[in-house]
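So the chains spell out like this:
Number of protein chains: 2
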Amino acid sequence: MLATTIHAPGDIRLEEVPDPHVLLPTDAVVRVSAACVCGSDLWRYRGVVPVNRPGRIGHEFVGVVTDVGDEVGTVTPGDFVIAPFSYSCGTCVNCRNGVQTSCVRGGFWAGRDRDDLPVDGGQGEQVRVPLADGTLVRTPEVPDDALLPGLLALTDVMGTGHHAAVRGGVRPGSVVAVVGDGAVGLCAVLAARRLGAERIVIFSRHPDRQDIARGFGVDDVITTRGDEGVEELQTLLDAPGADVVLEAVGNQDSMEQAVAAARPGGSVGYVGVPNGITELPMRAMFNRNVGLAGGVAPVRAYLEELLPEVLDGRLSPGAVFDRTVPLSDVGEAYAAMDRRQAVKVMLRP
Amino acid sequence: MLATTIHAPGDIRLEEVPDPHVLLPTDAVVRVSAACVCGSDLWRYRGVVPVNRPGRIGHEFVGVVTDVGDEVGTVTPGDFVIAPFSYSCGTCVNCRNGVQTSCVRGGFWAGRDRDDLPVDGGQGEQVRVPLADGTLVRTPEVPDDALLPGLLALTDVMGTGHHAAVRGGVRPGSVVAVVGDGAVGLCAVLAARRLGAERIVIFSRHPDRQDIARGFGVDDVITTRGDEGVEELQTLLDAPGADVVLEAVGNQDSMEQAVAAARPGGSVGYVGVPNGITELPMRAMFNRNVGLAGGVAPVRAYLEELLPEVLDGRLSPGAVFDRTVPLSDVGEAYAAMDRRQAVKVMLRP
Numbered sequence: 001m002l003a004t005t006i007h008a009p010g011d012i013r014l015e016e017v018p019d020p021h022v023l024l025p026t027d028a029v030v031r032v033s034a035a036c037v038c039g040s041d042l043w044r045y046r047g048v049v050p051v052n053r054p055g056r057i058g059h060e061f062v063g064v065v066t067d068v069g070d071e072v073g074t075v076t077p078g079d080f081v082i083a084p085f086s087y088s089c090g091t092c093v094n095c096r097n098g099v100q101t102s103c104v105r106g107g108f109w110a111g112r113d114r115d116d117l118p119v120d121g122g123q124g125e126q127v128r129v130p131l132a133d134g135t136l137v138r139t140p141e142v143p144d145d146a147l148l149p150g151l152l153a154l155t156d157v158m159g160t161g162h163h164a165a166v167r168g169g170v171r172p173g174s175v176v177a178v179v180g181d182g183a184v185g186l187c188a189v190l191a192a193r194r195l196g197a198e199r200i201v202i203f204s205r206h207p208d209r210q211d212i213a214r215g216f217g218v219d220d221v222i223t224t225r226g227d228e229g230v231e232e233l234q235t236l237l238d239a240p241g242a243d244v245v246l247e248a249v250g251n252q253d254s255m256e257q258a259v260a261a262a263r264p265g266g267s268v269g270y271v272g273v274p275n276g277i278t279e280l281p282m283r284a285m286f287n288r289n290v291g292l293a294g295g296v297a298p299v300r301a302y303l304e305e306l307l308p309e310v311l312d313g314r315l316s317p318g319a320v321f322d323r324t325v326p327l328s329d330v331g332e333a334y335a336a337m338d339r340r341q342a343v344k345v346m347l348r349p
Numbered sequence: 001m002l003a004t005t006i007h008a009p010g011d012i013r014l015e016e017v018p019d020p021h022v023l024l025p026t027d028a029v030v031r032v033s034a035a036c037v038c039g040s041d042l043w044r045y046r047g048v049v050p051v052n053r054p055g056r057i058g059h060e061f062v063g064v065v066t067d068v069g070d071e072v073g074t075v076t077p078g079d080f081v082i083a084p085f086s087y088s089c090g091t092c093v094n095c096r097n098g099v100q101t102s103c104v105r106g107g108f109w110a111g112r113d114r115d116d117l118p119v120d121g122g123q124g125e126q127v128r129v130p131l132a133d134g135t136l137v138r139t140p141e142v143p144d145d146a147l148l149p150g151l152l153a154l155t156d157v158m159g160t161g162h163h164a165a166v167r168g169g170v171r172p173g174s175v176v177a178v179v180g181d182g183a184v185g186l187c188a189v190l191a192a193r194r195l196g197a198e199r200i201v202i203f204s205r206h207p208d209r210q211d212i213a214r215g216f217g218v219d220d221v222i223t224t225r226g227d228e229g230v231e232e233l234q235t236l237l238d239a240p241g242a243d244v245v246l247e248a249v250g251n252q253d254s255m256e257q258a259v260a261a262a263r264p265g266g267s268v269g270y271v272g273v274p275n276g277i278t279e280l281p282m283r284a285m286f287n288r289n290v291g292l293a294g295g296v297a298p299v300r301a302y303l304e305e306l307l308p309e310v311l312d313g314r315l316s317p318g319a320v321f322d323r324t325v326p327l328s329d330v331g332e333a334y335a336a337m338d339r340r341q342a343v344k345v346m347l348r349p
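Heads up: the sequence lines are chains A and B, in that order.
Here the UniProt record's numbering is used: the first residue of the first sequence is 1, the next is one more, and so on.
Here the UniProt record's numbering is used: the first residue of the second sequence is 1, the next is one more, and so on.
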């Protein structure tokens, strides 16, 4: 089969690799219907995170089950399934606590699983899925292509934006500010609106992303950032900050801005993978009672709740995909996202 | 009147100072019935925090109102009152949000108030109380001396321990670990029990403090700390950590221990004033979804809820005071706490 590999910063290839098979009785094999490129994939593409050796890449995909191991009970060949960006057993203490990203048996795509078997990446034609029962969630029927973007968003960005909103404590009436206008930040807008936020402000300097944000229910856009952006927020809200700030970038500046944008007693829900954050503004957090909660999102925990809403059209995160290309053009997909010519690119094998 | 002053590390004096008077129409004057020494006072006493110039000290007191300004409406001379460790207007946005420590008009004892008038410290015979209506909470009648320790605990340590538990998210059934066995950590035990924690473990190496902790409802004591202590906790709980960790120390080691002691998806409620924390364990927090919330406790926000329970005996935090001395022996009070010969010393003017 064909699968995407990264060999060095900027060097993305579509290569012939061995077809996946059921190797363990808890495995399933999924033929990928749609995959995509994540902002975090760009870190290796840009050389911000080193590429130590050539390897598979991609962790977001939906598709159809083609084979299952003897111990798999919840999905069967022919089922359309959503695969969260990590696989998990569903039964260990951390899975039961709803933190499937800390599953004691699980792991991440394009890595290695518990028997030191390589695990496929998501940007390929097929994927061997370990711990299929704990990982995959099936839809009642194979969905129309029109639903693919929304379903694909559930594999990562929508669940991650939702996690920021949940852990940040968004509730009916909350005033929310969003730092980061990538796909996760945009989905955080949608999640905050869904949880009943009264007013949502996004920091964004990109007109195309502002448009998506408005479509997702944002009330105000602030185009400045840092201290200037925080002052503009306070003036706009006529308040010492937002009740909840959703942080979806993960660098030092964005984290400082997020903490400063929260009102005393407020909180920051953060899901931007920390990258180069050398120091949290601890004193400001303590003196102003600003809490910080979040982390690598256990999107599997939210699938049962969010999937029905995507299927019946109440929740439509698919607009974050502003371009679709065939898998054969995966290099172009990376380049478009790297140059900010696309928010998020869907790949069709 | 007599009031405590600090001149240099280790140099605590009781000195004659001017009697306080109503200077602003929102002021009250309180004759102190009982005051005490705080763990945070010891930082200057020990030279950990510099003593830039001689000045008043102390921020915990209860007493009887002797005079009020024309605009004071909620307390009158003769009322017994609890004074939180910060004063606050009660009407600004932050006070209305329950974060009185961020009051836009308020401040801290032994500092200066909005007109650059000196504010008395709590360890004296009398105190001028700015913003009396927003700050002071009266009891229905002047309480018996036996209630003084419990009421005095409401000025800081009990409200602070409660804040850790509230912000950490302790709820019925929570498994809680407490880092820090000073008066705040001990009160955090009491607060966690009151909020319905199912099991409470404290890290403590001091038998006298362990005894108080057991009296407050702790189930288990761990005498090791750091990684060893965390492993012991995990073994004891047969779990990857506590649901909620209450941090009541505020240094690098205690914060790292607190984050490590929380299970994936758990949280740390922190109220230890940060001192020498150079770096939060950000990666561990993110990868394990451990939240961090807390800060300088708005104890005023909790007085209406906690005071009736202290008055009727349901809540008895007074046991944190294991020594009482006359105000004239304030130097001895500091020395006893510095040498860990006392958990917390009550001063009687």
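In case anyone wonders, no lab produced these hints; they're calculated from the structure.
Using N, Cα and C, we set each Cβ at its ideal position, and we do this for glycine too.
Treat the hints with care, as some may be off.
[Claimed, not checked] Reference listing, derived: stretches of chain B covered by chain A, where coverage requires no fewer than 3 residues with Cβ under 8 Å from a Cβ of chain A: (1) 152-159; (2) 172-179; (3) 263-276; (4) 289-295.
Okay, the hints, checked on the actual structure:
{"no.": "1", "hint": "152-159", "in the structure": "violated (count 0)"}
{"no.": "2", "hint": "172-179", "in the structure": "violated (count 0)"}
{"no.": "3", "hint": "263-276", "in the structure": "holds (count 7)"}
{"no.": "4", "hint": "289-295", "in the structure": "holds (count 7)"}
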